[in-house]
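2 protein chains.
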Amino acid sequence: MKYHITLLIELKDGILDPQGRAVEGVLQGLQYPVENVRVGRVLEMELEAPSEAEARAAAHNIGRALSNPVMEVFVVEAVKELA
Amino acid sequence: MKYHITLLIELKDGILDPQGRAVEGVLQGLQYPVENVRVGRVLEMELEAPSEAEARAAAHNIGRALSNPVMEVFVVEAVKELA
Chain A
33 MKYHITLLIE
43 LKDGILDPQG
53 RAVEGVLQGL
63 QYPVENVRVG
73 RVLEMELEAP
83 SEAEARAAAH
93 NIGRALSNPV
103 MEVFVVEAVK
113 ELA
Chain B
33 MKYHITLLIE
43 LKDGILDPQG
53 RAVEGVLQGL
63 QYPVENVRVG
73 RVLEMELEAP
83 SEAEARAAAH
93 NIGRALSNPV
103 MEVFVVEAVK
113 ELA
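Residue numbers (the working numbering), protein chains in the order written: chain A, 33 to 115; chain B, 33 to 115.
Where hints are given, some of them may not hold.
Given that identical chains are not distinguished, each listed pair holds provided it fits within a single copy or across any two copies.
The list that follows gives simulated cross-link-like pairs (lysine to any residue, SDA-like), each with its CA atoms no further than 25 Å apart [unchecked claim]:
(1) Lys34 x Pro101
(2) Lys112 x Val102
(3) Lys34 x Val102
(4) Lys44 x Pro82
(5) Lys44 x Ser99
(6) Lys34 x Gln51
(7) Lys34 x Ala97
(8) Lys112 x Glu67
(9) Lys34 x Asn100
(10) Lys44 x Ser83
(11) Lys34 x Ala54
(12) Lys34 x Arg96
(13) Lys34 x Val58
(14) Lys44 x Met103
(15) Lys34 x Glu76
(16) Lys44 x Glu67
(17) Lys34 x Ala85
(18) Lys34 x Tyr64
(19) Lys112 x Glu76
Derived by calculation from the structure, the hints in this document are not laboratory data.
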């Protein structure tokens, strides 16, 4: 089976995010009432796995492999079976 | 009301994604059977708006402001009311 995986990798709360701060300044300059803007990475991929549970487990391992545990958190946002 | 917005900005299909290609190589090297790895940005923010519909509309405008319409697509992934 093939699965579509969406993985988010973001800075932990409390870790200074200069890119988020810059975007926040831009948006506030455009009069959007935003705060706490945080910028992270989203990874989309197709993964071959025998079952959804194994796809989800592999997605967790991939998130762990690609994120920095000191500064970042990852979230397996979605695991969808492809036709 | 305050809303938590999650916005994804990704390269359009067909636009070469060297970062995704690099991550794909790393994951395949680790024996993960992945393909079509794409790397994009995720933005999380808090937004003040009078209603969920207006928060969603503002999130769309923000996505339009922050993405490059030639190369990127944006998705308003989530709009959640904060307590």
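Hints and how they fare:
In this assembly of identical chains, the alpha carbons of Lys34 and Pro101 never lie at most 25 Å apart, being 28 Å within a copy and 30 Å across copies at closest. Taking identical chains as interchangeable, the C-alpha atoms of Lys112 and Val102 are never at most 25 Å apart, the minima being 29 Å within one chain and 28 Å between chains. Taking the closest pair of Cα atoms, Lys34 and Val102 never come within 25 Å of each other, the shortest separation being 32 Å inside a single copy and 30 Å across copies. Taking the shortest Cα distances, Lys44 and Pro82 never come within 25 Å of each other, neither inside one copy (32 Å) nor across copies (29 Å).
Within a single copy, Lys44 and Ser99 get their C-alpha atoms as close as 11 Å, and across copies as close as 24 Å, so both meet the 25 Å cut-off. In the homo-oligomer, the alpha carbons of Lys34 and Gln51 lie at most 25 Å apart only across protomers (22 Å), although the nearest pairing inside one protomer, at 34 Å, exceeds that limit. For the identical chains of this complex, Lys34 and Ala97 are intra-copy neighbours only, at 21 Å inside a copy versus 34 Å across copies, given an alpha-carbon limit of 25 Å. Taking CA atoms no more than 25 Å apart as the test, Lys112 paired with Glu67 passes between copies only; the shortest distance there is 15 Å, against 32 Å inside one copy.
Within a single copy, Lys34 and Asn100 get their C-alpha atoms no closer than 27 Å, and across copies no closer than 30 Å, so neither meets the 25 Å cut-off. In the homo-oligomer, the alpha carbons of Lys44 and Ser83 never lie at most 25 Å apart, since the shortest distance is 31 Å inside one protomer and 29 Å across protomers. For the identical chains of this complex, Lys34 and Ala54 are inter-copy neighbours only, at 21 Å across copies versus 38 Å inside a copy, given an alpha-carbon limit of 25 Å. Taking the shortest alpha-carbon separations for Lys34 and Arg96, only the intra-copy value of 21 Å comes in at or below 25 Å, while the best inter-copy value is 32 Å.
Taking the closest pair of Cα atoms, Lys34 and Val58 come within 25 Å of each other only across two copies (19 Å); inside a single copy the shortest separation is 40 Å, beyond that limit. When the C-alpha separation of Lys44 and Met103 is checked against a cutoff of 25 Å, the pair qualifies only within one copy, where the shortest distance is 6 Å, while the shortest distance between copies is 29 Å. Taking identical chains as interchangeable, the C-alpha atoms of Lys34 and Glu76 lie at most 25 Å apart only when both belong to the same chain, with a minimum of 13 Å there against 29 Å between chains. For the identical chains of this complex, Lys44 and Glu67 are intra-copy neighbours only, at 16 Å inside a copy versus 28 Å across copies, given an alpha-carbon limit of 25 Å.
Taking the shortest alpha-carbon separations for Lys34 and Ala85, only the intra-copy value of 12 Å comes in at or below 25 Å, while the best inter-copy value is 35 Å. In this assembly of identical chains, the alpha carbons of Lys34 and Tyr64 lie at most 25 Å apart only when taken from different copies (13 Å versus 40 Å within one copy). When the C-alpha separation of Lys112 and Glu76 is checked against a cutoff of 25 Å, the pair qualifies both within a copy, at 11 Å, and between copies, at 23 Å.
Hint violations for this structure: numbers 1, 2, 3, 4, 9 and 10, all remaining hints satisfied.
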